[in-house]
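Protein sequences appear in the order of chains X and V.
When the letters of the first sequence are read in order and numbered with the numbering used here, they come out as residues 3 to 248.
When the letters of the second sequence are read in order and numbered with the numbering used here, they come out as residues 3 to 478.
Since the hints were derived computationally from the structure, they do not count as laboratory data.
Everything numeric in this text was worked out from a predicted model, so none of it was measured.
Incorrect hints may appear among the rest.
What the hints assert, rightly or not - As a list, the in silico DSS-like pairs of lysine-lysine whose alpha-carbon atoms are at most 27 Å apart: (1) V:Lys297 to V:Lys444; (2) V:Lys339 to V:Lys115; (3) X:Lys231 to V:Lys339; (4) V:Lys48 to V:Lys210; (5) V:Lys48 to V:Lys300; (6) X:Lys246 to V:Lys48; (7) X:Lys215 to X:Lys177; (8) V:Lys465 to X:Lys80; (9) X:Lys225 to X:Lys215.
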Amino acid sequence: MANLDRETMVSVNLTNPEEGKWGMVIDQDLCTGCQACVAACAMENNISFVGEELSGNGRSMHWIRIERFWEGEYPEVKATPFEPTLCQQCGYAPCEPVCPAYATVHSNDQQLNLQVYNRCVGTRYCGNNCPSQVRSFNWFDYERPEPLNNQLNPDVTVRRRGVMEKCTFCIQRIKRAEDTARAEGREVADGEFAPACAQACPANAIVFGRVDKPETVVSQLAKQARGVKRLEELGTFPHVTYLKAG
Amino acid sequence: MASEKQHEEHAHGEEHLRQEHLMLDPRPRGEMNAMVMEAMHYTTWKFWVVAAVLGVVVALGLFFSWGRMIAEGLGLAGINRPSYWGIFIVNTVFWIGISHAGTFISAILRVFKAEFRRPFTRAAELMTTFGLMQAGFSIFMHMGRVWLSYWLFPYPNQRMMWPNLHSPLTWDVLAITTYLLASTMYLFLPLIPDLAMARDRTEGGWRKVAYRILALGFRGTEGEWKHLRLAMNIFAFAIIPVMFSVHTIVSWDFAAATRPGWSSTIFGPYFVVGALHSGMGAVVIVLAIVRGTMKHMKYFIRAEHFEAIGKLMLIISMTWAYFFFNDYIVQWYGGDKWTNILLHYHEAGPLGFLWFLMLAVNIVIPWAVLWNKKWRSNPWIVGTVGLLINVGMWIERYIIVPISLSINRTPFTWDLYKPGIEIPLGIGTLALFILLYMLASKFIPLVPAWEVQEGQMAHKLTKYGRETVVTVSELE
């Protein structure tokens, strides 16, 4: 034991055999909590609007949300940094093995957790088993008020009641970028495209790219000392790195 | 003079033994068969009033509410994030627990040749089948898209679909369907001689046709009995591991998950014992009601039976307490931050009183009441204790499922669970269980007449000198 320095131990314990392909870095120092990512995500991915009452009952539908806590007792309260929370696209995702219908599966091609809506039978086991609680369930068929029904994204499935859904890292954009690059006979360039949340972030707090290539911006940022993974101790190998604030 | 008095006492003792034990109080076969048949046929207007009320409750509470929920969405229930599972799963586990009593009493006591089991094996086996039906209803209600539930069954198909055998829910599907099939066959096999008896004693009409078909032409020849005994023996031994596996697998739904309070390695045996705890409680409730309401049942079901089941209940309560504290203390000792928050939330959270109520009715009351032979011989006292144990075991599952789900590793989502349409649906399953049981008691002989007669033939009072000794011969 004495010969093991910290670095070796980390490399022994926390090396992900599936190091993943796409990843994200979220800088909590830069995040202002403006919720632009939340709005952009809802637009891009045809997420339903559930209204105030259902939101209050724990039925909000967001693939990304801004978590914020207060520390201490009033009036001596301190706000913690904003924490945009989305599916961590775990390498070993707890949601995957528990689905009886193979509705939540790991993509070999993209190294992402996929949710196959038309296979989902709604047992909601994945939602229970998700350590970050980032899955949203369609408790009803939700109405889309008049002008909003015209803005549905044709690239994304509209989900019906009884189906679980979650962040896909905007896989429709990934596929489009890959198809374009393949058609032009090249690799997808770093920063060529971004998911809706990263694109909308005015502070550039969200950076997206290939984590399996060391030269990309996202890999460089993730190497910083203040980079942490959410609930790392569970060994789920998340592909989102948070850069701690302060 | 002295010897005369002794003789008198002796005769009195023998009389007393006969009064106390069904096995020592034989009646002629024809008479007993007639009693069983009369218990089945005799109904009062009260029976039909209760059945009609239950029918309305089933129609409104179960089928109408369920239809509404299918049409509008699962949001009518109270489940939310983070409590994705609620009373539906609580009821599923509860009903599977109830279903364990049938097998426990019937198979385990049959294998161990416990003689007191004879008059009520069928009453317990019926609970298994009908309890599993309610568990099935509850689990299907729980599904977001129940109309696709056939996707969970493994059969070759053209959809490129196969259930995920890594998922504890798939194990559940396999375990519960196995148990349902096995327990239904196990209910049916000992029923064949009684169905044949009913067939021979029915004059005509639809009952005659039904009994003739169901009795499979059983005439009671030596060869038929030999085959029947062999089949019952195989099933009695084979169904015991199935019973243990079912509730262990149900517990793995929780134990295999990565959640504080759920990932506990002792959940398997803890759940099995919990199932027996609630199941035995349910058996005594049913026996107390059957004894009080059905004709001739006071002959078949006596204080000795409640006394014997009361002892079992006491032992199971002690075993449950052992597993409960083992589970609790090891989880607490683990020192995991989230688990400790959760354990504290169990006792001191907004529903902490439930935790104390559970301990009171599952441990304190059975221990305080059932040690006393006089009390545990009283059907209504034991029945009440059984009812309380069932309340306690339901609360235990409620604490494990929605209350534990309220706390997770993402404090931002912590939320309380408030039931919605689960309540009418749960009452509907309870009503359906009672209704099915009531109707079944009027269609099949609730007392296995052949089993009682066999036991009575095997038991003899023999005198060794002055001592009267009960001897049991091996018939099988």
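The hints, checked one at a time:
The hinted pair formed by lysine 297 (chain V) and lysine 444 (chain V) meets the criterion: a straight-line CA distance of about 11 Å does not exceed 27 Å. For the given pair, lysine 339 (chain V) sits about 49 Å from lysine 115 (chain V) by alpha-carbon distance, which is inconsistent with the 27 Å threshold. Only pairs whose Cα atoms come within 27 Å are accepted, and lysine 231 (chain X) paired with lysine 339 (chain V) is accepted, the gap being roughly 18 Å. Between lysine 48 (chain V) and lysine 210 (chain V), the direct Cα distance comes to roughly 26 Å. Compliance with the 27 Å bound is thereby established for this hinted pair.
Taking the CA atoms of lysine 48 (chain V) and lysine 300 (chain V), the gap is about 19 Å. The hint holds against a cut of 27 Å. About 71 Å separates the Cα atoms of lysine 246 (chain X) and lysine 48 (chain V), which puts this hinted pair outside 27 Å; it is violated. For the given pair, lysine 215 (chain X) sits about 18 Å from lysine 177 (chain X) by alpha-carbon distance, which is consistent with the 27 Å threshold. About 87 Å separates the Cα atoms of lysine 465 (chain V) and lysine 80 (chain X), which puts this hinted pair outside 27 Å; it is violated.
A threshold of 27 Å between alpha carbons decides the hint, and for lysine 225 (chain X) with lysine 215 (chain X) the separation of about 12 Å falls inside it, so the pair holds.
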